[in-house]
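Enquirer: Chains as they are written, first to last, in my numbering: chain A, 4 to 225; chain B, 4 to 225.
Worth flagging that the hints you see were computed from the coordinates, not collected in a lab. Check each hint, because a few of them may be wrong.
No copy labels: a pair is met if it fits in one copy or bridges any two.
Said to hold, decoys possible - Listed next, the in silico SDA-like pairs over lysine to any residue satisfying Cα-Cα at most 25 Å (straight line): (1) K105 x R159; (2) K106 x R130; (3) K105 x A140; (4) K106 x F44; (5) K47 x D134; (6) K105 x E127; (7) K47 x R100; (8) K106 x A60; (9) K106 x V118; (10) K105 x E48; (11) K47 x H176.
Quick caveat: nothing in here was measured; it's all calculated off a predicted structure.
Number of protein chains: 2
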Amino acid sequence: MRDALVAAAFRLFPERGYEQTTVDDIVALAGVGRRSFFRYFPSKEDVVFPDHERCLADMTAFLADGTDEDEPVRRVCDAARLVLRMYAENPTFSVQRYRLTKKVPGLRAYELSVVWRYERALAEYLRGRFDGRPDGALRADVIAASVVAAHNNALRSWLRSAGQGDADTAVDHALGHVQAVFGDPSAAAPAEEREDVVVVISRRGAPMWRVVREIESTLGRD
Amino acid sequence: MRDALVAAAFRLFPERGYEQTTVDDIVALAGVGRRSFFRYFPSKEDVVFPDHERCLADMTAFLADGTDEDEPVRRVCDAARLVLRMYAENPTFSVQRYRLTKKVPGLRAYELSVVWRYERALAEYLRGRFDGRPDGALRADVIAASVVAAHNNALRSWLRSAGQGDADTAVDHALGHVQAVFGDPSAAAPAEEREDVVVVISRRGAPMWRVVREIESTLGRD
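Next comes chain A alone, as it looks inside the complex (with noise of 0.2 Å):
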């Protein structure tokens, strides 16, 4: 019945327009009754996004499975990577609601809110993970966000595409950037490895981004 009330709700949006759209369309269309709807969905904003509690509750059990062993950057990026699963697993209506959001300014603001509610569980993680730490709760903060506007900038490309092309693809790249900049590569790396010794030479001036790149390109790690 759930994915009844999503699909009428999805044949009217178009049709009508979302903001001429009542929940009595809806539940006409869908056969059902007004109680019915409001069983599965607190509002009209609530249909337009129907998985993202079960993906949030997703997010937050699998960050709480992780271990000690695990890097959190890497951590945090995996979660990330729930979200994209959820939009991939159904493109045509992914796409179909990014183009309603982008239309409708209170479903933009329900999405923003959505967002800082997975932004907030990456950097409670993060938190603990970094607790004690000089600036720890700062560097969750900034990684938190980090995560959260890599992925974006990856789905919303994949959702402009019209979802066309490989959208994991697209995110391991743009979570592989932050990885790059905020993570433990040692993490990954083979115990017999860690002990390697690199020299880097550089200009004092170099942007620090540079003498990243460099080590990183010293040590293979594209």
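Go by the hints and put chain B onto chain A.
Expert: Just chain B now, kept in the frame of chain A:
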């Protein structure tokens, strides 16, 4: 009259609650007509954030006034400081609003959409500066999100402390973290220093942030 409306609203909100206060209550206390209210504020939410539109305009103008000589990350950090200044101009009001916003979901959503607009202004500027570079748009989005997250981390600490403490120092420290990660430190260095050579020796598996910290302390950039 605009200030009188804001003052009246913020006298009524703590007394009656935000939801229970109507625009009619506000105009009655301010001694003006309904139409005057809507001349200044499109909605009741807007009276809670009376300075954000001006601040957004100031930020956009500040970014547009920049030259190609500006180090881009420093420029967006300076732009973010305009937001801090707006909050710090009137600590009592800012703290009162912070407490109100935490309690009212609709205001929280409004605030998120304002923050999003600041972030987009910073990202658009950076996209322009990184135009044509590999991953320019991705880097722009990630840096803009990092700047906003760092700024808000410090701003929220200050608001939670009821506006005690030095907001400028806290925000400078937080933005300094972002500049250290993403910025081009050569932009600040006198030309004669730029050609010095720095040698960094590091274990292959050392976390990137430790390498960066090592380079920074070698360069005396703390």
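Enquirer: Hint by hint, note whether the structure agrees.
Expert: To see whether the hints hold, each was checked on the structure:
no.	hint	in the structure
1	K105 x R159	within (11 Å within a copy, 29 Å between copies)
2	K106 x R130	between (36 Å within a copy, 23 Å between copies)
3	K105 x A140	between (33 Å within a copy, 20 Å between copies)
4	K106 x F44	both (21 Å within a copy, 23 Å between copies)
5	K47 x D134	neither (40 Å within a copy, 40 Å between copies)
6	K105 x E127	between (29 Å within a copy, 18 Å between copies)
7	K47 x R100	within (13 Å within a copy, 29 Å between copies)
8	K106 x A60	between (28 Å within a copy, 23 Å between copies)
9	K106 x V118	both (18 Å within a copy, 19 Å between copies)
10	K105 x E48	both (14 Å within a copy, 21 Å between copies)
11	K47 x H176	neither (35 Å within a copy, 43 Å between copies)
The structure does not agree with the numbered hints 5 and 11 stated previously, though it agrees with the rest.
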